[in-house]
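Engineer: I would like the entire structure built from these sequences, with the hints used as guidance.
For the record, the sequence lines run as chains A and B.
Going by the numbering used here, the first residue of the first sequence is number 1, and it counts up by one from there.
Going by the numbering used here, the first residue of the second sequence is number 1, and it counts up by one from there.
One or more hints might be untrue.
Said to hold, decoys possible - Under the rule of at most 25 angstroms between Cα atoms (straight-line distance), these lysine-lysine pairs were calculated in the PhoX-like manner:
1) 101/A x 480/A
2) 76/A x 234/B
3) 76/A x 265/B
4) 101/A x 316/B
5) 316/B x 499/A
6) 226/A x 143/B
7) 200/B x 76/A
8) 143/B x 76/A
9) 52/B x 162/A
10) 80/B x 162/A
11) 316/B x 107/A
12) 143/B x 399/A
13) 316/B x 226/A
14) 76/A x 316/B
15) 489/A x 316/B
16) 316/B x 486/A
17) 163/A x 52/B
As the list claims (entries may be wrong) - One side of the interface only, derived from the structure: several residues of chain A facing chain B at Cβ under 8 angstroms:
18) 84
19) 179
20) 402
Said to hold, decoys possible - Per label pair, the in silico range of CB-to-CB distance:
21) 209/A x 37/B: 23 to 31 angstroms
22) 235/A x 404/B: 33 to 41 angstroms
23) 195/A x 419/B: 33 to 41 angstroms
24) 340/B x 489/A: 50 to 58 angstroms
Note that these hints are calculated values from the structure, not bench results.
Every residue, glycine too, gets a C-beta built ideally from N, C-alpha and C.
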Amino acid sequence: MHRFVLAAKQAAASLGYRGPGDGGKSMLLRYAGSLAAGWPSRGPRLPRPAREWSVRWSTAAKASVVKISEKASREKILTLESMNPLVKALEYAVRGPIVLKAGEIEKELRKGIKKPFTEVIKANIGDAHAMGQRPITFLRQVVALCTYPNLLDSPNFPEDAKKRARRILQGCGGNSLGSYTASPGINCIREDVASYIERRDGGVPADPDNIYLTTGASDGITTILKILVSGGGKSRTGVMIPIPQYPLYSAAISDLDAIQVNYYLDEENCWALDVNELRRSLKEAKAYCNPKVLCIINPGNPTGQVQSRKCTEDVIHFAWEEKLFLLADEVYQDNVYSEGRQFHSFKKILYEMGPEYYNNVELASFHSTSKGYMGECGYRGGYMEVLNLHPEIKGQLVKLLSVRLCPPVSGQAAMDVVVNPPIPGEESYSQFIKEKESVLNNLAKKAKLTEDMFNKIPGMHCSPLQGAMYAFPRIFIPSKAIEEAKVHKMAPDMFYCMKLLEEIGICVVPGSGFGQKEGSYHFRMTILPPTEKLKVLLEKMKDFHIKFLEKYA
Amino acid sequence: MNAAIRRVQYAVRGPIVTRALELEQELRQGVPKPFKEVIKANIGDAHAMGQKPITFLRQVSALCLFPPLLSDPSFPEDAKARARRLLAACAGQSVGSYSASPGLDVVRADVAQFLQRRDGIPADPNHIFLSSGASEAIVTMLKLLVWGSGRSRTGVLVPLPQYPLYSAALAELEAERLSYSLAEDRAWALDLPELRRALKEGRGHCCPRVLCVINPGNPTGQVQSRECIEEVIKFAYEERLFLMADEVYQDNIYGEGCEFHAFRKVLAQMGPPYSDTVELASFHSLSKGFMGECGFRGGFMEVRNLHPEVLQELSKLVSVRLCPPVPGQILMGALLNPPEPGEPSHQQYQEEKAAVLRALAERARLTEQLLNKIPGIRCNPVQGAMYAFPSIQLPPRACAAAQAAGQPPDLFFCLRLLEGTGICLVPGSGFGQREGTFHFRMTILPPTEKLQLLLEKLGNFYTNFVKEYS
Chain A
1 MHRFVLAAKQ AAASLGYRGP GDGGKSMLLR YAGSLAAGWP SRGPRLPRPA REWSVRWSTA
61 AKASVVKISE KASREKILTL ESMNPLVKAL EYAVRGPIVL KAGEIEKELR KGIKKPFTEV
121 IKANIGDAHA MGQRPITFLR QVVALCTYPN LLDSPNFPED AKKRARRILQ GCGGNSLGSY
181 TASPGINCIR EDVASYIERR DGGVPADPDN IYLTTGASDG ITTILKILVS GGGKSRTGVM
241 IPIPQYPLYS AAISDLDAIQ VNYYLDEENC WALDVNELRR SLKEAKAYCN PKVLCIINPG
301 NPTGQVQSRK CTEDVIHFAW EEKLFLLADE VYQDNVYSEG RQFHSFKKIL YEMGPEYYNN
361 VELASFHSTS KGYMGECGYR GGYMEVLNLH PEIKGQLVKL LSVRLCPPVS GQAAMDVVVN
421 PPIPGEESYS QFIKEKESVL NNLAKKAKLT EDMFNKIPGM HCSPLQGAMY AFPRIFIPSK
481 AIEEAKVHKM APDMFYCMKL LEEIGICVVP GSGFGQKEGS YHFRMTILPP TEKLKVLLEK
541 MKDFHIKFLE KYA
Chain B
1 MNAAIRRVQY AVRGPIVTRA LELEQELRQG VPKPFKEVIK ANIGDAHAMG QKPITFLRQV
61 SALCLFPPLL SDPSFPEDAK ARARRLLAAC AGQSVGSYSA SPGLDVVRAD VAQFLQRRDG
121 IPADPNHIFL SSGASEAIVT MLKLLVWGSG RSRTGVLVPL PQYPLYSAAL AELEAERLSY
181 SLAEDRAWAL DLPELRRALK EGRGHCCPRV LCVINPGNPT GQVQSRECIE EVIKFAYEER
241 LFLMADEVYQ DNIYGEGCEF HAFRKVLAQM GPPYSDTVEL ASFHSLSKGF MGECGFRGGF
301 MEVRNLHPEV LQELSKLVSV RLCPPVPGQI LMGALLNPPE PGEPSHQQYQ EEKAAVLRAL
361 AERARLTEQL LNKIPGIRCN PVQGAMYAFP SIQLPPRACA AAQAAGQPPD LFFCLRLLEG
421 TGICLVPGSG FGQREGTFHF RMTILPPTEK LQLLLEKLGN FYTNFVKEYS
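Structural biologist: Right, here's the structure in full:
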């Protein structure tokens, strides 16, 4: 038995562990599974490991342990041992160790330390404005008018923007963006979201009462998961997530002490979702948990695949058959680039499949202001639409949302503009369309550029970038490099990415942060840097990769 | 579903507010009622009650949100200077970019400077975390602190009455809530013997690790004396408790002789061993004070004496939610860099701020005064914060009727009050109170005339209610 697994078992037997009543077995399996998936090892999720557990999970931690015992002062109340173990186990690769390293290098650059590059390109996070994309003028006008209503008298703002601002302000207590709103969000905005969904889905009805505004999509996703996770031991809720996945899901599952159930996307087939793989995953999971939730990311992150209509139908049928709660993360719905690929919302397909499905399948769909053509990440705007929720569950959802009072109101306003943009005939329409199309065309070009370039590099293979904002190429890492990575106690692709960062100054996220089939390695890079910069970067990456292969041949 | 969630309650937006919204809907539909409007005196939302935002803060925000305004001559130079500085700190010079997870560096530095100016005690920007309102930071800290099982499960000492965010968070995290009662007969004072009692009792069934203090208090409004704070700190030191100081009402001080003393200041001034040992997290927010910017969800916490590894874990935890809303961070940046004497916006800023605080102080006095005129209602001095939390006598027959309806008696009263007058308050049972006592929390935020009217109606209704059930 692998020594980590054995030690985890020993630690699981230690006192004081509160968790699934199976003595930690499910956690053990999860941990072993995560090792198999090639995730960086950080030790099992356990409080107060048994004294026999001698392997500390990081050299830094080891050093500080020595420091603590040397210090004369008394032990702190809050330490790595005496803290919530679920938090300790948490990982979020997109802002993880490689990003910390990038930050350090940036500090060094600022101090004037010489590097082979003059700036660090943060191609780790899907933040378009940070990479120079401009905000949509109309959206900023409306929010500025809401923020400082004196501007409603300014001749420099168009009437259509003022109209929307007035409507939003009327929905605010005291006509101020500074008031708390109702916990599900401002009513007229929820109505606008419903109208948008209906228009988008070709007339499929949407009820504002099923719409909740959220603090980014992340807030909605974690809230729904929170409500759904229950049970203990073998009946602990299992949450099915794609591998590779956006690591919010694994982090939320870890945080909630739920069971992560992996289903693998098919890299040979443009990262398609295969229902047979869903079936396999579900069947296996039933042995150690109660799989209740199925998460889909469409368009995919990090993989960028856009699901076909048929695939979505198959997934819905599967969820109906197996009584799974469907979470449809659709934040990239505006980012579709491939010819012949189209976004079909889960809600629309569900409706079109007829009443047996439409009235029964429980579905939560998510959208956000952070992606698309808007890129308004900092506003933390988003919404979710829920369908067929048990009224009691809905009540609990509303209650849970009320504790955090309300989503940021400027984000609600931004979301309103997204779902209620200028229409033909309105003053701002032509500029709006121009800006929107410019952003989306640019993204599509960069997607193609990146895919093509990566596929020219020997030892790299990049699936078609059908949508979203990322390239997730597979990289061949020679065994010598894998050995050296082991010496540094890093996953091989983390090792690769660290070297890439140090030599070229580009920060990308290793595939191990998203999950991948054992023995395969990837990294996720955004396609957001400006085109000229991107071209230069891709050239440098090609040179780096070739040199890397030579060095570790 | 998650059983812990089922136990979560948040009375400030609970069943009474649901009913209030229904009534508003009915009024809109033209259904005749004994009142023309629902007065939402349940939630500490100043703008909703007509308080105006501070001009300067909104100007800086608008300039950041829509930078073309930087060439608009109607915006003052000092606002523009602050906007340029904040924008320069945003990636791509856009508030639409994610910020670093603990918040924009420049604003964290501003918070550190603010704390130093306020307390004369320096702060390290690396120990400052911006958050989505203070609520988010409070829940984040609690999350870190709750662990163990059975008798080693974390116990958290919270005041009774308390702001129900604490009870909700503890229910969700499945921590043990340990209540220490504030002394109603002594203006809601915090008593050490009572703290000791609560701790001792808690040790019988769990592992008390955290002590939460709300100063100024919510719903009770008491402003702690410096001596009291020192005693609490000593207690936390002796009993090895992590201190959480919720100080969001620090600008709302009305009582004669009352003064706000930050826990961090007193801690530092007490010197070693306290100052370098007691683990402390202090919280502030944009939602209260004179700003009232609830909807922007801006706030911060400062942590002191945290283990460096725990600080790392905290940074990791906040990274999953990416970053606090940037418009809220911008507003915080503007608040912490107000116009200086000599700058164009200085006078107006000071006037607006003073006017808001003056109005709040007046209403605090008025509310206390008028409530105490009503026989059967007794209101402690409203020393600070934004609420009155009077005790009310309820006749035994009313209590029986409440029981028959399956409601706590003060909820029963508040619901009847709502139906009869349109006034929405929160029953004391939502905050916790000594067994056999009843209270309600009302805000002091409605404009003065409306407040007077409200108190008159309330008085009449209460008197009739008591008659009805005598």
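Engineer: Compare the structure with each hint and give your call.
Structural biologist: Evaluation of the provided hints:
1. 101/A x 480/A: holds, 24 angstroms
2. 76/A x 234/B: Roughly 16 angstroms between the alpha carbons, so the hint for residue 76/A and residue 234/B holds.
3. 76/A x 265/B: holds, 20 angstroms
4. 101/A x 316/B: holds, 14 angstroms
5. 316/B x 499/A: holds, 23 angstroms
6. 226/A x 143/B: holds, 14 angstroms
7. 200/B x 76/A: holds, 21 angstroms
8. 143/B x 76/A: Holds - the C-alpha atoms of residue 76/A and residue 143/B are around 17 angstroms apart, at most 25 angstroms.
9. 52/B x 162/A: holds, 20 angstroms
10. 80/B x 162/A: The hint holds at about 23 angstroms.
11. 316/B x 107/A: holds, 20 angstroms
12. 143/B x 399/A: Within the cut-off at roughly 19 angstroms; holds.
13. 316/B x 226/A: holds, 20 angstroms
14. 76/A x 316/B: Cα-Cα ~20 angstroms, so holds.
15. 489/A x 316/B: holds, 20 angstroms
16. 316/B x 486/A: holds, 24 angstroms
17. 163/A x 52/B: Answer holds: residue 163/A to residue 52/B is near 22 angstroms, not above 25 angstroms.
18. 84: Interface hint status for residue 84/A: holds (5 angstroms vs cutoff 8 angstroms).
19. 179: holds, 4 angstroms
20. 402: Where the cut-off is 8 angstroms and the nearest Cβ of chain B is about 4 angstroms from residue 402/A, the hint holds.
21. 209/A x 37/B: 23 to 31 angstroms: Roughly 24 angstroms apart at Cβ, these two residues keep to the hinted range, so it holds.
22. 235/A x 404/B: 33 to 41 angstroms: Since residue 235/A and residue 404/B have Cβ atoms about 39 angstroms apart, the given range 33 to 41 angstroms holds.
23. 195/A x 419/B: 33 to 41 angstroms: The hint (33 to 41 angstroms, Cβ to Cβ) holds, given that residue 195/A and residue 419/B are roughly 34 angstroms apart.
24. 340/B x 489/A: 50 to 58 angstroms: Holds, at about 52 angstroms.
When the structure is compared with the earlier hints, no violation turns up for any of them.
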